[in-house]
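Following the hints, complete the assembly by docking chains W, B and P onto the known chain R.
4 protein chains.
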Amino acid sequence: MSHNSFGHLFRVTTWGESHGPALGCVIDGCPPGIEFTVAEVQAYLDKRKPGQSKFTTQRREADEVKVLSGVLPKEDGVTLVTTGTPISMMIENTDQRSKDYSDIAKRYRPGHADYTYDVKYGIRDYRGGGRSSARETAARVAAGAIARKIVPGMIVRGAMVAMGTENIDRNKWDWDQVDQNPFFSPDASSVDRFADYLDGIRKDGSSVGAVIEIVAEGVPAGLGAPVYSKLDQDIASYLMSINAVKGVEIGNGFEAARITGPENADEMRIGKDGKPEFLSNHAGGILGGISTGEAVISRFAIKPTSSMLTPTKSINSDGEEVEVVTKGRHDPCVGIRAVPIGEAMVACAIADHYLRHRGQTGRI
Amino acid sequence: MSHNSFGHLFRVTTWGESHGPALGCVIDGCPPGIEFTVAEVQAYLDKRKPGQSKFTTQRREADEVKVLSGVLPKEDGVTLVTTGTPISMMIENTDQRSKDYSDIAKRYRPGHADYTYDVKYGIRDYRGGGRSSARETAARVAAGAIARKIVPGMIVRGAMVAMGTENIDRNKWDWDQVDQNPFFSPDASSVDRFADYLDGIRKDGSSVGAVIEIVAEGVPAGLGAPVYSKLDQDIASYLMSINAVKGVEIGNGFEAARITGPENADEMRIGKDGKPEFLSNHAGGILGGISTGEAVISRFAIKPTSSMLTPTKSINSDGEEVEVVTKGRHDPCVGIRAVPIGEAMVACAIADHYLRHRGQTGRI
Amino acid sequence: MSHNSFGHLFRVTTWGESHGPALGCVIDGCPPGIEFTVAEVQAYLDKRKPGQSKFTTQRREADEVKVLSGVLPKEDGVTLVTTGTPISMMIENTDQRSKDYSDIAKRYRPGHADYTYDVKYGIRDYRGGGRSSARETAARVAAGAIARKIVPGMIVRGAMVAMGTENIDRNKWDWDQVDQNPFFSPDASSVDRFADYLDGIRKDGSSVGAVIEIVAEGVPAGLGAPVYSKLDQDIASYLMSINAVKGVEIGNGFEAARITGPENADEMRIGKDGKPEFLSNHAGGILGGISTGEAVISRFAIKPTSSMLTPTKSINSDGEEVEVVTKGRHDPCVGIRAVPIGEAMVACAIADHYLRHRGQTGRI
Amino acid sequence: MSHNSFGHLFRVTTWGESHGPALGCVIDGCPPGIEFTVAEVQAYLDKRKPGQSKFTTQRREADEVKVLSGVLPKEDGVTLVTTGTPISMMIENTDQRSKDYSDIAKRYRPGHADYTYDVKYGIRDYRGGGRSSARETAARVAAGAIARKIVPGMIVRGAMVAMGTENIDRNKWDWDQVDQNPFFSPDASSVDRFADYLDGIRKDGSSVGAVIEIVAEGVPAGLGAPVYSKLDQDIASYLMSINAVKGVEIGNGFEAARITGPENADEMRIGKDGKPEFLSNHAGGILGGISTGEAVISRFAIKPTSSMLTPTKSINSDGEEVEVVTKGRHDPCVGIRAVPIGEAMVACAIADHYLRHRGQTGRI
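Chains as they are written, first to last, in our numbering: chain R, 5 to 368; chain W, 5 to 368; chain B, 5 to 368; chain P, 5 to 368.
So here's chain R without its partners, still in its complex pose:
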């Protein structure tokens, strides 16, 4: 049992607080012979990194990852090869303005884990959220960069599909757009709308949530297990473990509860190549907890950033009523930066099931 690990054969443990010297992860069980470069890992971290646009927190972290174990360098001096032993990665915290947080040391910020941490542990690192800071997700993204390499041919991509009351037009979905706007939106026509909307939110000292969709293609059929290690169950668990996530869906998700069986069914046929083929993918690529070979599709809902300028009634650790206004550097929509995090989590879940499936059945 671990409070800070996920996965079984591809097992990730993360550690570190927002304002300690560093944070990091240990990947245990990575197959040997996987090749990657530090630059590849760094690229995913940069995608998640704050301060990239005016829509994300202005905290500036180099977020420079170091690989401390589990690899051997190839002759090119750049490529690293995994050896099968634990891969330890570390990111040092550089920009720590702890002063920003001193006035909220005792105040329980609504929507944050301040109160619950104190109840649980009786002690709490209040600087920047401590362990519950979204900074922890940098370690996930680093782990995800390796996970993406485990299943040959797998591509995991994510996009923001809704922010507050604004939605993308799914008919205009274009993966190439995602990296060309600060919202990770796959719909170019939505970008100005999202920008205007979020500007308004920020000027109001308010905040807003978002819905992120993750699509994993190239996932072989057969991953997952029938009952308590369902692939969708683990994806749900992994996504729900991301800070501020309040809902998770697979395939049709909640919509499936509103439609009929015939509407929700995915018919099958024998394709031109003689292989089984689905005519639709309402199931999101998973049946009975096991992948079908179709794209694995999941979505998660992120609540509005709890840190905001709008004053909120709360209490402090002395049992006094207080008013909380968070002046620190925070994203008006934390959901935006969750895209690479969601990708990383889905990649980790699938990588783990790939190894487990190979272990139990030997069929891949």
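Please note: incorrect hints may appear among the correct ones.
Since copy identity is lost for identical chains, a pair holds within one copy or between any two.
Said to hold, decoys possible - List of simulated lysine-lysine pairs, DSS-like, C-alpha gap at most 30 Å:
(1) Lys317 x Lys276
(2) Lys153 x Lys207
(3) Lys70 x Lys53
(4) Lys70 x Lys176
(5) Lys58 x Lys78
(6) Lys51 x Lys317
(7) Lys279 x Lys78
(8) Lys53 x Lys279
(9) Lys176 x Lys78
These are computed hints drawn from the structure, not numbers from a lab.
Keep in mind the model is a prediction, meaning the values are calculated, not measured.
Chains W, B and P in isolation, oriented as in the chain R frame:
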């Protein structure tokens, strides 16, 4: 690692297929000194049991639970006391019309795990869904009956809040209604509407999904862990492991992504008893993965029953295209029977975190 | 985490007390397509079964195993094929003379877990040792019968190599002898000696311990992991979990601490078939936690049966000093029956590592 | 499942190779509010550190530990308090003479994991043993320093009781002697003898093994679990995971197999304070897998250092026969430095069971 277990300190392993001699569960880690009766466990099983109304499958199972280990009888001859050793419970399968399934032995029923099991394992118990049959959930319900006893004062209740396009009126919520209608609806005014709607669905040979809400009251603050053993994460995982579930929400859920920070915030004050008090519970009783002391609220979406009379195109294990019509006994809305299952899963998740919290911190 | 499970990919959970209705195990993660018969499992159980000779307890149990899930019958009606889902096996308790134990309900039998159970749980099933009865090992033996099938070509055999002060002559080792004497001795010349020795022990109302050696042949090189999932570590853990075991050795074991590096070294050469070959096997087939391809050799020491006619000073649960004489049916040397149990545990450990190795590396 | 972790509620994951930039550990599940100083951790590391006497390897490492997360400093600026979140500790590798190992890059050193790593992973960090280097144990010692704080009043101490053919005189046992000689011997009269013996071994270019005994006092009764989480089982597992360990004993250990029941029995009485009291401790403080309240006593046997000047026949990764002579800096008896490692492992095992016992039963 287990494919068929959940929980850490309160750990449940289930086993059994729809048409084998029996199914059951083993509860490992239950505290000693917990008192229960077989009749209590049976009552929850009866609630889940098929054949209770015309709206659920007519398969009739006695679903009689036997407790095989881990308990000592008290002098009253009825009450059992747990000893701290594994509690094994078994339910024998009695009504097995395997013939009903013979014509679909090779056919991959759309929406079922038939195809994915064959891809994964190369072999499959096709009778009644085998391991992926909803009959497996009887074992969960039995385990949940014990889990409900772990946290002193905790009450876990569930209700159906939507079926297809029909919703309850939340203003008419009355827990006492739930057990008085075949839909587990908390809104008496919804019952006729649900009945008419489902009658129509059934007559069409169609099926429909549902949304179930589970409310756990009396959950002490402090349960859960900050990052990868979040209480909401585990509830999401447990609920997503139930057959046919495609979405999970905590508190405001997906709605949280649509509203603003001030709308979603739960303000706090010092209550009349001098204790911290929340003015609302949009968070669903969980902040930063840790319980707040408020009611823990979750919802899950169940897809329409995949087995239906509507013909659906599919293939068989010989690689031929076929048409599938399921004539076996099936619920037009499997979601209905999911209420006691959802309750059991939430009770198990909270029980586990209660013991873990006590273990790590000694604070309860 | 589990208190009553072992293994990761080949995971076994056992349940049941000595005097409850039944005991059993659930095997989770068994690969699909493994063939076995109930008779094969039964044969191992019969080997462990009490009442086989005057040297083992006269308690007579049919020890008839039932397979409740996880298999499909083949056309011959005898062979079962695993489906990849949990295999539940149950053995009903038939010969329960609970009266024999009534006078020791409150007395803490020295060397037994009576006192420690009461301290730990505050409640205890005193009948026949309850959960800590060696009857629990029947479930292990059943699980081991399946585990033996996982690694193609693997043979796991055990023998008693010492009882009290008597030892076998290792130069006379003949595996064929093991099943032809009640001591599982591989040395025919030792049998009369063991018989005389144990007769004397029994007549004295005393008891004695034994050393068992388990040899697993046909174990491919590469199983195990470098640091905390060493194959020898898991074998040590599994063997130490058997009742009354107080010591475990791999290869040269404690002797390795007494000899020099050159004496303990296993030199290598290229064999006639062009493959690597070891010139000796002091390491017991494991280097750095990973199997070498040589026979995996382990030994474990079992303490003298704690239940004996010799009066022993103790206390009872009322805090009074008492004298304990155990009149129930017990083996003067429980070590004898540990041979099939040790075999089962080693088979389970290796099976688990075989699947894990396949999962992580894909190299078998 | 983890290949590089141990423990359940007090869970330690280690990472790092002998010649990489650093090694370290992550402790997950440590209770909040535990106080310690870096100096305390460092003191245990210094005890294990090489280069302390002519009897240990001359590799000189600062072995300076850094605490990267999971703590808050107290006002004294020295004391750290655990917060309940993961504690990450790192030790940078400073003295890396990789050149020493270049000539054995392809040679399989007998007794080392070189061959088995290559078979398992197909790739191997050959520098100084890589992951299988005893340097990894520094991370265990750091974790153990925290584990020692978990159980109030517990003291865990170790001593070397035999080296090769030389033994201590147990009648001269004096804990105060242990830290006053380079052998961690509790018997002052043995020191010259050990020194002469080991000098001879070293001059011969040979090596020798040792037996270490670990005694944990102040362990409350009730820790452990009946069947597969026995306290002795976990101690055996933890100790066997230390490099070069080939045997483990609890209490009387293998001697228990040679004596009779009456000789091995630990009688009980009511002590002067009215509390249960054992008259002896042959059981080593554990009955039925659960602690009795007596000292928990374990021993482990370490094989002779495999790296030695004596030439040994072996093969290389090209399939050629070679002769191996290890000229690197190595201990003639690695067993000596295993004392603080064994202490750390036993402390971790007991700490874990303490938290698990509290979690399941709430009785401490």
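To see whether the hints hold, each was checked on the structure:
no., hint, in the structure
1, Lys317 x Lys276, "between (63 Å within a copy, 16 Å between copies)"
2, Lys153 x Lys207, "neither (42 Å within a copy, 50 Å between copies)"
3, Lys70 x Lys53, "both (16 Å within a copy, 26 Å between copies)"
4, Lys70 x Lys176, "neither (39 Å within a copy, 51 Å between copies)"
5, Lys58 x Lys78, "neither (39 Å within a copy, 37 Å between copies)"
6, Lys51 x Lys317, "neither (35 Å within a copy, 43 Å between copies)"
7, Lys279 x Lys78, "between (39 Å within a copy, 28 Å between copies)"
8, Lys53 x Lys279, "neither (42 Å within a copy, 39 Å between copies)"
9, Lys176 x Lys78, "neither (42 Å within a copy, 53 Å between copies)"
Checked against the numbered hints above, the structure violates hints 2, 4, 5, 6, 8 and 9; every other hint is satisfied.
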